[in-house]
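Asker: Make the full structure from the sequences, and use the hints.
Respectively, the protein sequence lines represent chains F and L. Per the working numbering, the first sequence starts with residue 1, numbered consecutively. Per the working numbering, the second sequence starts with residue 1, numbered consecutively.
For the record, the hints were derived by calculation from the structure and aren't laboratory data. Watch out, some of these pointers could steer you wrong.
To be verified - Selected chain F positions facing chain L (Cβ under 10 angstroms, derived; list incomplete): (1) Leu100; (2) Ala136; (3) Leu156.
Beta carbons are placed, not taken as given, at the ideal position from N, Cα and C, and that holds for glycine.
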Amino acid sequence: MDLSIRGLTVRFGAVAALSGVDLEVPAGGRRALIGPNGAGKTTLFDVIAGEQRPAAGTVALGGRDATALPPWQRARLGLGRTFQRSTLFAQLTVAENLALAVRARCRAGWRFWPVRDRELEREVADRLETAHLSGAARRRAGSLGHGEQRRLEIELALAAGPTALLLDEPMAGLSGAERTSAVERLRALPREVTLVIVEHDLDAVFALAERISVLDHGVKIADGTPAEVRADPRVQEVYLGTA
Amino acid sequence: MTVGRGRTLLLLALLVALASLPLWAPRFWIYIGTQALIFAIFAMSLDLLLGYAGLASFGHAAFYGVGAYACGLLALRHVDALIPLLLIGALASAAVAVPIGALSLRATGIYFLMLTLAFAQILWGLAVNWTSLTRGTDGLIGVPRPALPGAGALGFTLNERGPFFILCLAVAVLVFLLLEALTRSPFGRTLEGIRENERRMRALGFPTFRYRLAVFVVGGAIAGLAGSLAAMSNGFATPDLLYWTVSGLVLVAVVVGGSRSLVGPVLGAFLVLIAQLGLSTFVDRWELVLGALFIAFVLFLPRGLVGLVRRA
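Answerer: Quick look at the structure:
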């Protein structure tokens, strides 16, 4: 699914968190969104996902104007997201966490009688294995270690079957080996899935992204291939230069 | 033996003990048992909201009272069929729960609690002041009990304590089994997900408001069913049933018994009724003692009586 964001402006009181941001990601694109802290990256995700209303601008998902749609309807159009801080169902088991996401995809929430669903159980088992969480299936999500929570965070979003996925700092707090395996997981995604990734780990960014957009103080200052962005003097000044 | 099987055996033993109550217990205790069962149904309906869906309603008496009035009004119009009289309470309360839920559920937490309380008090005011329908503070009196088809031939009617107690037990068991199934169904799991993390559920594509409204209406309907039984049991429906203290008492029963378990609210309902009975004969201000008990449970046993059993 392609994303088309035009002229997005968000204000918190007198502060403009985003001003006139455009972002075009074609279907199957691999885009990274970088910029210093407070540049407006998460705010942009919140607007695309429908959790934050923009003061101006439009959001189109798969060619459909989604600016006025609530988050759940955008999810049904095929939009998925992960959160900067793991946003799991802490009291439920890891397997039940994933089962909820699978049911979201199958629109199976309105069933009022308990029936054993072997197809769902099989898919949950497969996904647990993919995420290296099989051993933790019956543990509560809240009791997982940080690395396990980050893996579940991503797998939860994937289980809902998105065709466009917003990843908010998926590498945050991960060790070197965990980063490598997270990058592998994302590189293994089918080409149909559009990826937009906010990430401070530039190794991961360059390993995943085909194009990079750079935000600073709510303004998009650069947009291009990794080589172009690296060569951009403004980007070097505000971002890479200080790193 | 697994925990699940132990629980089932314990419940069956409890059921047999309760079902045989009319054979050996004094008449007074059959009456108390009837009241406790009705209160238990009411408490289970609140637990569906509080424990499973995470909705702390402080106005649940509204649906109990509306159910009682609906049943009373129909029974006073010479309808004596059991099933319609039971269902009218559930349907009337469900109908009232739709607008109350649609407005209250826009808020969460303490604001939701205050809104449900306010709506329940509005209905209480209506019950007091809409005298042409409700007969004001006197309430509906002389509500007859329904006839049971075929029971006459067997030599009993629902006007006797034993058979009416068994009716209440049957309805309570039915509600227990229905809620047990509902909470384990995909719908029930969805509610748990919303309770745990509504933001994530929306991001996954669940229209969370509709789910919360649906469970609010189901909870209201079951409370209305309990209200129907209360009107039949007492023979009257008065504004007291809708008053906020009733909402408070059922909340105490759920918390003391242990929410998120269905067995907990049943135990809590029995405990609260027996405590009320026992304490009110010795102490004038029995609510004070019950309040202290409530605080003690919240502080030291947040999982309620059921948590105590599980820990043992």
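Asker: Hint by hint, say whether it matches the structure.
Answerer: Cross-check of the supplied hints:
no.: 1; hint: Leu100; result: 5 angstroms, holds
no.: 2; hint: Ala136; result: 17 angstroms, violated
no.: 3; hint: Leu156; result: 8 angstroms, holds
Going down the numbered hints, you'll see the structure goes against just number 2.
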